[in-house]
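Trainee: If you read the sequences in order, they're chains A and B.
For the first sequence, UniProt numbering gives the first residue as 1, with consecutive numbering after it.
For the second sequence, UniProt numbering gives the first residue as 1, with consecutive numbering after it.
If you're looking for bench data, these hints aren't it; they were derived computationally from the structure.
Given the structure is predicted, the values throughout are model-derived calculations rather than measurements.
Among the hints, a few may not be true.
[Unchecked claim] Okay, derived cross-link-like pairs now, BS3-like style, lysine-lysine, Cα gap no bigger than 25 angstroms in a straight line:
| # | chain 1 | residue 1 | chain 2 | residue 2 |
| --- | --- | --- | --- | --- |
| 1 | B | K60 | A | K22 |
| 2 | A | K63 | B | K63 |
| 3 | B | K24 | A | K10 |
| 4 | B | K21 | A | K229 |
| 5 | B | K63 | A | K42 |
| 6 | B | K311 | A | K2 |
| 7 | B | K24 | A | K60 |
| 8 | A | K21 | B | K311 |
| 9 | A | K63 | B | K21 |
| 10 | A | K197 | B | K2 |
| 11 | B | K22 | A | K2 |
| 12 | A | K21 | B | K60 |
| 13 | B | K229 | A | K2 |
| 14 | A | K60 | B | K10 |
| 15 | A | K60 | B | K311 |
| 16 | A | K24 | B | K60 |
| 17 | A | K63 | B | K229 |
| 18 | A | K311 | B | K60 |
| 19 | B | K22 | A | K63 |
| 20 | A | K10 | B | K60 |
| 21 | B | K197 | A | K229 |
| 22 | B | K2 | A | K229 |
| 23 | A | K24 | B | K63 |
2 protein chains.
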Amino acid sequence: MKAWENNIRKVIPYIPGEQPKKEKMIKLNTNENPYPPAPGVKDVLTSFDTDRLRLYPDPKIEKLTDAIAERYGLNSNQVFVGVGSDDVLAMCFMTFFNSNRPILFPDITYSFYDVWAEEFRIPYKQIPLDRNFTICPEDYAGENGGIVFPNPNAPTGKLLPLEDVERIIAQNPDVIVIVDEAYIDFGGTSALPLIDKYDNVLVVQTFSKSRSMAGMRIGYAMAQPELIKYLNDVKYSFNSYTLNSLTIEMGTAAILDEAYFKKTTQKIIATRERTKEELRALGYRMDDSKSNFLFVTHDTISMEKLFEDLKKKDIYVRHFSKPERIANYLRITIGTDEEMNTLITFLKNYKQS
Amino acid sequence: MKAWENNIRKVIPYIPGEQPKKEKMIKLNTNENPYPPAPGVKDVLTSFDTDRLRLYPDPKIEKLTDAIAERYGLNSNQVFVGVGSDDVLAMCFMTFFNSNRPILFPDITYSFYDVWAEEFRIPYKQIPLDRNFTICPEDYAGENGGIVFPNPNAPTGKLLPLEDVERIIAQNPDVIVIVDEAYIDFGGTSALPLIDKYDNVLVVQTFSKSRSMAGMRIGYAMAQPELIKYLNDVKYSFNSYTLNSLTIEMGTAAILDEAYFKKTTQKIIATRERTKEELRALGYRMDDSKSNFLFVTHDTISMEKLFEDLKKKDIYVRHFSKPERIANYLRITIGTDEEMNTLITFLKNYKQS
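Turn these sequences into a full structure, and let the hints guide you.
Mentor: Rendered as structure tokens:
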């Protein structure tokens, strides 16, 4: 071992999910939106003056922050914008979970929470979902250093009712509670109104799913101004200029088009609901989902084998081998109706030997 | 104080530099390039298919990493790409300066080093420049947790000869040495060849200055594969998808146009050299600069007052009130010849009352 290795922060390397690059694949594995971004996003691209790129972007990201604030009826000092919700959540972990007590999050949940906790040396405790894959508010009590959970949860797609979200926040007034609402726009009820009532809650959302801009990297947190200021202090001390000038303009165009947003999210919800019925008719089991994916199992079919067989047909879905409890499930992103038809047709004829 | 404030990481908020937004200003305050990015960057913008944005970008940033590696005659596993060199440097601090011994950097230098050290709780020691504002290699010896310095240094613009850079690296084999070459393309000699010889050095560069893309946020580090792997492990555990799809394409177009790069950097060097002569003819004093700015003083003129008077004419330069040693200096970015003519004409007629 070299001497300088003593000073190196060693992390268990996170391996990013598979991003196949085939021409004609059906990609239902990373919860991307099947529809393009709002038309205004393209207009920005064609009218943007590249000469502007020689100048630094606005470190305060004012234009986009203002647009998000307006969309949600907030003041601009209640909104923090980052490079995707991963960046926002990482900043939140650094800023708010600077604790010696363990932070709490579900055992089956977004796979990055334990990665950030490890990276920032934050102790953590994973709270098991109940046997229906439900988050039980009573489990999130007692001494802790903070709480984070997605709602709807991933990869289950299950929505926690707003009164249960509120219960978790209310019974933990001494720590920060982060509600990660990456999938909230597909039929869930946001905890956003609770930020008026509680000074210890942040609601995090993203442009990656409901606004079809995973490739652009925009996420945001909403909370009382005091929390947003703490976040900005840490962000400005890390990298003052995060969002580039084009991203700020394109994000603003996306958030302004409410009609397109409603149309595409409704379409995905409709596709999800009828896909659910058709899968159930084929014997697959799943809870209701309020996200843009379904979490599917079957009593006699091996999901891992199905995952591999789908891949051979260039249909990509997601399989988690751990924890054991979800090893016989697949997470299937809702694509276009045509894509879901191809999947269903395949499953109708599918037999495991 | 609220109970949850105990867990909050409190930092001394970094205040981003002034970014005036006037229509007709001469902006010589943040070392931006006066020329637009390479023409190929605009071509990307007009041909890019916005539908791609619904998909996540390549987490490995392969296309741009490969292009940078090829430009510098490296293998792709020797290049790490981030959201501007601030992001790259912050990741380097997190990854390599995880030490209980103080890291070393100059007392007069890039203003972010102490900010990152504070944020990541890294002890540090600022080593005074000598009275000619020179970094003295013999001062960077003895027990330490790592070393970072810009070359050319900022805000002085002074280049440390390659043999002195090598001396610092060679006499510190047990820690990582980061050479921050944000301004190297304006006449300096890069330490890049030293990465073959030493396993403890990283060279960090940026698209913000010599490639006119401050607004796009692209920086990169070059080193032996082992160091790049450590950096990537930390990055993937922080945010897997940092550079967006457009940035990857536009950055690639920029790095491929070597002819434009040479033409514009040479033009800036020529403008710098004749500006230096003209300023000296007016009684201003400055060392030779190998960057895209000049660090200027005068024996009888107050630089702080001049800074304010220039601002009134919508000419923005940079003044640092601390440390005391540089309080009577201005850092003046090299703009177009026309912009420098306006500045010089103003100075020819300038008198302090």
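Trainee: Now look at each hint and say whether the structure bears it out.
Mentor: Now for the hints, and whether the structure bears them out:
Only pairs whose Cα atoms come within 25 angstroms are accepted, and B:K60 paired with A:K22 is accepted, the gap being roughly 17 angstroms. Proposed proximity of A:K63 and B:K63 is contradicted: the alpha carbons are some 30 angstroms apart, above 25 angstroms. Our distance criterion of 25 angstroms between C-alpha atoms is broken by B:K24 and A:K10, whose separation comes to about 49 angstroms. Proposed proximity of B:K21 and A:K229 is supported: the alpha carbons are some 23 angstroms apart, at most 25 angstroms.
In summary, the hint linking B:K63 to A:K42 is supported, as the alpha carbons are separated by about 23 angstroms, within the 25 angstroms threshold. For the given pair, B:K311 sits about 52 angstroms from A:K2 by alpha-carbon distance, which is inconsistent with the 25 angstroms threshold. Note on B:K24 and A:K60: the hinted pairing holds, with a Cα-Cα distance of about 22 angstroms set against a maximum of 25 angstroms. With a CA separation close to 52 angstroms, the supplied pair A:K21 and B:K311 exceeds the 25 angstroms bound.
Taking the CA atoms of A:K63 and B:K21, the gap is about 13 angstroms. The hint holds against a cut of 25 angstroms. Proposed proximity of A:K197 and B:K2 is supported: the alpha carbons are some 15 angstroms apart, at most 25 angstroms. At roughly 53 angstroms between alpha-carbon atoms, B:K22 and A:K2 are farther apart than 25 angstroms, so this suggested pair is violated. Distance hint between A:K21 and B:K60 is fulfilled; the C-alpha atoms sit about 13 angstroms from each other, no more than 25 angstroms.
At roughly 15 angstroms between alpha-carbon atoms, B:K229 and A:K2 fall within 25 angstroms of each other, so this suggested pair holds. The straight-line distance between the Cα atoms of A:K60 and B:K10 is roughly 19 angstroms, inside the 25 angstroms bound, and the hint therefore holds. Between A:K60 and B:K311, the direct Cα distance comes to roughly 22 angstroms. Compliance with the 25 angstroms bound is thereby established for this hinted pair. This hinted pair checks out: A:K24 and B:K60 have alpha carbons roughly 22 angstroms apart, not beyond 25 angstroms.
Distance check on the hinted pair: A:K63 and B:K229 sit about 36 angstroms apart at the alpha-carbon level, beyond 25 angstroms; violated. At most 25 angstroms may separate the alpha-carbon atoms for a hinted pair to count; A:K311 and B:K60 meet this at roughly 22 angstroms. At most 25 angstroms may separate the alpha-carbon atoms for a hinted pair to count; B:K22 and A:K63 meet this at roughly 16 angstroms. Note on A:K10 and B:K60: the hinted pairing holds, with a Cα-Cα distance of about 19 angstroms set against a maximum of 25 angstroms.
Straight-line distance between C-alpha atoms of B:K197 and A:K229 comes to about 45 angstroms, which puts the hinted pair past the 25 angstroms bound. At roughly 15 angstroms between alpha-carbon atoms, B:K2 and A:K229 fall within 25 angstroms of each other, so this suggested pair holds. Distance restraint check for A:K24 and B:K63: the Cα-Cα separation of roughly 21 angstroms lies within the 25 angstroms cut-off, and the hinted pair is therefore satisfied.
Going down the numbered hints, you'll see the structure goes against 2, 3, 6, 8, 11, 17, 21, while the others check out.
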